[in-house]
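Engineer: Line by line, the protein sequences are chains A and U.
Residue numbering for the first sequence follows this note's numbering, starting at 1 and increasing by one per position.
Residue numbering for the second sequence follows this note's numbering, starting at 1001 and increasing by one per position.
Everything labelled a hint here was simulated from the structure, so no lab data went into it.
One or more of the hints may lead you astray.
Reference listing, derived: stretches of chain A covered by chain U, where coverage requires no fewer than 3 residues with Cβ under 8 Å from a Cβ of chain U [stated by the list, open to error]:
id: 1; segment: 13 to 22
id: 2; segment: 89 to 98
id: 3; segment: 144 to 156
Short, incomplete list of chain U residues facing chain A, as computed with Cβ under 8 Å [said to hold, decoys possible]:
id: 4; residue: S1066
id: 5; residue: F1084
id: 6; residue: T1096
id: 7; residue: V1106
id: 8; residue: S1131
Just so you know, even glycine gets a beta-carbon here, dropped at the ideal spot from N, CA and C.
Next come the chains, spelled out residue by residue.
Number of protein chains: 2
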Amino acid sequence: MTTTSTHETEITADPDVPLVRITREFDAPPEKVFRAHTDPGLVAQWLGPRATEMRVDHYDCRTGGSYRYLLASDGNEFGFRGCFHEVRPSELIIQTFTFEGVPDGVAPERLMFEDLGDGRTRLTSTSLVDSFEGRDAFLASGMEDGVREGYERLDELLAG
Amino acid sequence: MTTTSTHETEITADPDVPLVRITREFDAPPEKVFRAHTDPGLVAQWLGPRATEMRVDHYDCRTGGSYRYLLASDGNEFGFRGCFHEVRPSELIIQTFTFEGVPDGVAPERLMFEDLGDGRTRLTSTSLVDSFEGRDAFLASGMEDGVREGYERLDELLAG
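Construct the entire structure; sequences and hints are all you get.
Structural biologist: See below:
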């Protein structure tokens, strides 16, 4: 039996709190999936939909660091930024996230890297927003497709 | 008619999302109340209950900066830390907050400084936690008294 390399990206909305949870498995060990999230040269190769290009302003992925990057698409650039509250190698990243188009919106994000053995990893990412309206706007914005496509690009990077 | 210098600290829990909102007025202009939140030498003079002493590990209050401080009380020290997501002079501070005793808990906090005119400021601070249990634990922890007492100390600092 062979393991398929196509994994489902599961995106769920919590009924009680305005939280989005994204779960995805990768055919690579936690160290490698983690590094693809912390090394800006690697992040730029997969984050966002295929049609976008990522330009890193700064990306200092350590506890107390911060980041800012731009995604360019069809001649438009969109800025995103935040700070790294905690970075624990191959295990955990807690960061904040703001789309600069909505500068006062901020979502805390938690990325957990779980070792499934056999060189596989489950990545669970949660975003907490400050209202159900904000959460539903996120889900309606087409971000879901961008997340799915980004993770397919990450599959390719990890396999390369 | 004279304005009383004793202000109420209003602490409310949102019914829909696990949010705590704290509102307090100060008899000082926004610039001064803001500075008492960003200058570590001033923060150390009022943050926390009277019985505690604050020791600043680092406190770099600017967009992308981070902080860590310890509150000492009866020979025990408690660590707190986070990162500054956004700092907008005399207007807004968005930061994360973790009590090191619960290292995986993180609350995003938003502090808004509103100019009421006549040298007065309304400070509204909101903390979002990731569950109603977490929020209720915060409210039950006695943190409320610490917040009230801290703001009384801040009144004294601003008047001095």
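Engineer: Should the hint that T1096/U touches chain A count as held when the rule is a Cβ pair under 8 Å?
Structural biologist: With a minimum Cβ separation of about 4 Å from chain A (threshold 8 Å), the hint on T1096/U holds.
Engineer: Does S1131/U pass the interface check with chain A, least Cβ-Cβ distance below 8 Å?
Structural biologist: 6 Å, holds
Engineer: Residue count check for the segment 144 to 156 of chain A against chain U: does it reach three with CB-CB under 8 Å?
Structural biologist: violated (count 0)
Engineer: Any CB of chain A closer than 8 Å to the CB of V1106/U?
Structural biologist: 5 Å, holds
Engineer: Do three or more residues of the segment 13 to 22 of chain A come closer than 8 Å to chain U, measuring C-beta to C-beta?
Structural biologist: holds (count 4)
Engineer: Against chain A, with CB atoms and a cut of 8 Å, does the hint on S1066/U hold up?
Structural biologist: Interface hint status for S1066/U: holds (3 Å vs cutoff 8 Å).
Engineer: How does the coverage statement for the segment 89 to 98 of chain A fare against chain U, requiring three or more residues with Cβ below 8 Å from a Cβ of that chain?
Structural biologist: Answer holds; 4 residues pass the 8 Å Cβ test.
Engineer: Hint F1084/U vs chain A: min CB-CB distance below 8 Å?
Structural biologist: It holds, given that the least Cβ distance between F1084/U and chain A is near 6 Å, below 8 Å.
Against the hints set out earlier in the document, a violation occurs for number 3 only.
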